[in-house]
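Kindly produce the complete structure, drawing on both the sequences and the hints.
Take the sequence shown: its position 69, counting from 1, is numbered 69 in the numbering used here, and each next residue is one higher.
Worth flagging that the hints you see were computed from the coordinates, not collected in a lab. Possibly wrong hints are sitting among the right ones.
[Said to hold, decoys possible] DEER-style ranges, computed between Cβ atoms: (1) 90 / 170: 20 to 30 Å; (2) 174 / 29: 48 to 58 Å; (3) 32 / 171: 45 to 55 Å; (4) 67 / 88: 15 to 25 Å; (5) 199 / 109: 17 to 27 Å.
Positions of the beta carbon are idealized from the N, C-alpha and C atoms, including for glycine.
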Amino acid sequence: NLGLALREVRRFDEAITALETARDIHQQTGDRHREGMAWNNLGTALGQVRRFDEAITAHQRDLEICREIGDRHGEGMAWNNLGIALGQVRRFGEAITALECARDIYQQTNDRHGEGKAWNNLGTVLRRVRRFEEAITAHTTARDMFQQTSDRHGEASAWNNLGLALLRVGRFDEAITALEQAVAAYTESGAIEDADEIRHGIEAIKDAQAEK
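See the structure below:
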């Protein structure tokens with residue numbers, strides 16, 4: 001818990017130390033479930049300081065433990081976070097497979113919010129391998145799931161990603177509409193810096209269109 005709190009205030013080195021300590025204690029006391037949770041949280045913290053190879057290893061360890069103890073929902077979370085880390089090191093095929101596994105497990109465990117996150121992350125990787133139509137579908141699905149689960153910040157992320165995918169296929173008016181929805185959702189959820197960044201992006205798109 002200390003590691004999570006430190007991570008939230010971006011004291012990442014201290015967070016990593018705390019989470020490694022938690023992991024070791026859970027190993028020593030034979031608590032496999034909490035050991036897996038510590039590996040998962042450690043992997044996320046390692047990813048935030050761009051130690052992606054170590055993050056991948058941490059999420060793989062969590063995945064192994066979840067399978068060993070039959071924690072199906074935890075397995076979905078492990079696949080999701082592993083997919084994110086794999087995408088960061090451009091192992092896109094493996095990332096897509098991991099995120100599809102996460103999506104399917106979240107579906108099976110009836111976690112609509114988790115499924116939305118997996119769809120959103122999957123869309124991001126699909127966009128990076130230029131599978132734009134599939135990315136549009138993924139982000140649209142994510143948006144709908146975040147709306148259904150009242151996650152306004154998640155919805156903003158999905159709108160933003162959808163807008164970026166629409167831009168790549170030349171659907172500029174739809175892209176601007178999606179990005180404007182992202183600005184509104186980020187503003188409502190208090191993410192003012194994110195909203196301002198997207199707003200500047202919209203202005204740049206409009207300027208570029210006007211010059212054509």
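Structure-based check of each hint:
no. : hint                  : in the structure
1   : 90 / 170: 20 to 30 Å  : holds (26 Å)
2   : 174 / 29: 48 to 58 Å  : holds (54 Å)
3   : 32 / 171: 45 to 55 Å  : holds (48 Å)
4   : 67 / 88: 15 to 25 Å   : holds (23 Å)
5   : 199 / 109: 17 to 27 Å : violated (37 Å)
The earlier numbered hint that this structure contradicts is number 5, and it is the only one.
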